[in-house]
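**Q** As they're listed, the protein sequences go chains U and V. Numbering follows the working numbering, with no gaps: position 150 of the first sequence is 150. Numbering follows the working numbering, with no gaps: position 200 of the second sequence is 1200.
The hints are simulated quantities; they were obtained by calculation from the structure and are not laboratory data. No experiment lies behind these values; they were computed from the predicted model shown. All C-beta atoms, glycine included, are put in the ideal place defined by N, C-alpha and C. Treat the hints with caution; some may be incorrect.
Below are the DSS-like pairs computed for lysine-lysine, each with C-alpha atoms no more than 30 Å apart in a straight line [unchecked claim]: (1) U/Lys132 with V/Lys1164; (2) V/Lys1248 with U/Lys129; (3) U/Lys132 with V/Lys1077; (4) V/Lys1164 with U/Lys209; (5) V/Lys1003 with U/Lys130; (6) V/Lys1077 with U/Lys75.
Ranges of calculated distance between the beta carbons of each label pair, as one might list FRET restraints [to be verified]: (7) V/Asn1006 with U/His192: 37 to 43 Å; (8) U/Glu294 with V/Gly1165: 46 to 52 Å; (9) U/Gly69 with V/Ser1252: 23 to 29 Å; (10) U/Asp125 with V/Met1055: 16 to 22 Å; (11) U/Ala18 with V/Tyr1062: 38 to 44 Å; (12) V/Val1204 with U/Gly107: 43 to 49 Å; (13) V/Ile1229 with U/His192: 46 to 52 Å; (14) U/Leu216 with V/Ser1252: 49 to 55 Å; (15) U/Gly107 with V/Met1055: 53 to 59 Å.
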Amino acid sequence: MAENILVTRGLTKRYGAALAVDHADITLPKGEIYGLVGRNGAGKTTIIRMVASQTVPTSGEVELFGATGERDLEKARSRTGAMVEIPSFYPYLTARENLEYYRRQRGIAGARVVEDALEQVGLTDTGKKKFKTFSLGMKQRLGLALALMNRPELLLLDEPINGLDPEGIVEFRNLLLELNRQYQTTILISSHILSELQNLATCYGFIDKGRMLEQLTAVQLAEKCRDCLELRVDDAPRAAAMLERELGLRDFEILPGGAIRLYEGLSEPQKVTRLLVEQGIALSGMEHRGANLEDYFLSLIGGVHHA
Amino acid sequence: MLKYMNAEFYKVTHRVYPAGFLGVIVGGIALIMVLLRQNAGPGASFDFMAGALCMVLSVGLYLVVITCDMVFSDQYKYNTLKNEVAYGLPRARIYLGKLIAAAIVSVVLCAVILAFYLLLARLLFPLGAATGETMTALGQALLVAFPLWLGGMGLFHMLLFLMKGSTAASIVYVLVVGVLGGGTLELFSTFLPRLRPVIEAIQVCLLTTPFDRLLSGGPSNGLIAYAWIVGMAWLLGSTALGLIVFRKREIS
């Protein structure tokens, strides 16, 4: 069984009467890239902030690298790198000075790590430029450099590609994939840009109004989002047998409620309908289905919302 | 803790703030002393200048606002504390690390300012008849002032961690230290004579009271002990309260 890097159990955060996160259970196995998907205010950032100790949970538990107690969690957090919301640094220091400050504070050996981190995010040429003059994209890169400086085993990234230009987004994606491949870095990432998340994540957690709706792997999601022909018939088992025997179609599933999802023969739906009619099977509906992460998320929360 | 403090010193020494602060203070001292020298009567001496220093040591209670702010560096304004807690640095280490770093920075700056003052006074004014006694009195006065400065530092540090901005923290600090100690309680006791015993008890605990006694009676061993009790009580009390509240504080 894969080692779990992060587990949350019944994680809850209440601000007065408002419930920001409601009993969130997350399991993040080692080496996975976990995409946290949800609308604005769904509770994504609050979950990451609780994991990163920036806010104290009202109830529930965070387990990091198997550690749960406050002291053990503090130690475990030194194996993580976090970038939560807009990166924050001292405005009067340069990129190098800011990283050097945190390197000393964290007791990371070797001044070279600062240069390496800056190199990784493409910020080596900022010279004496102070942080306060950085663009949002540069700030994001520096935030990532800080998160990477200690070679973390777990990266917590909240909306990390905000402010990056298209080239920066591609570089960022490649860097995360490289870290994940080369060092088995586990990543928890939230993003509004679902198409980008789909390029990265190996598993997903869908959250709405503070509640975790579903967790699934990228394979499961692909399965659910696969192109198919959904047929609603009066006798699904007989219809399925007919399709297999007469048309040789084997890649299908029978859904509860009398529907069949057909994953092959999509280019010739008329053959399917003709066969069913000929065999006296009542066909009440036929729909070509296929979805991406965004469609799936929208269908999950039950309507079109801004995601 | 040492690594944490090392980082704080790195940050402070890479700011213009300490050098600027030192420049303003040292420049001000030089200007005042040159003006005094030009207008000084025959009685003006190094002893007089060193003795005058004992009279203004309470200013240190307000200078700690600047030295603490140098180290704390508007953490809430810049949201930089999140980088520290997210890495798992214990909150007690963050709180105490900054407090100790601020104390060390304050002591270094104070030593530089005092040394500059005394050196310039020695260069510009002749030695008096009782230099030895004056220096002993100055040493004793510093022993009275030091714990009170630390007490003020503990209080202001707590306010910095507990309040949203350093301006608000500074205002509350000045209200507590300056206004309470500046005769407001006297005024209350005039209008509410029945509360006089309570007000007197509060006055005994104020950081400014030992300074008042230093001005009126000069330094003594008794005053030094009293100052240490008051100063340490403020330092330990405010630090304990600050630690308790900061432990659960939201870091945005």
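**Q** Of the numbered hints stated previously, which ones are contradicted by the structure, given in increasing order?
**A** Violated hints: 2, 8, 10, 13, 14, 15; rest satisfied.
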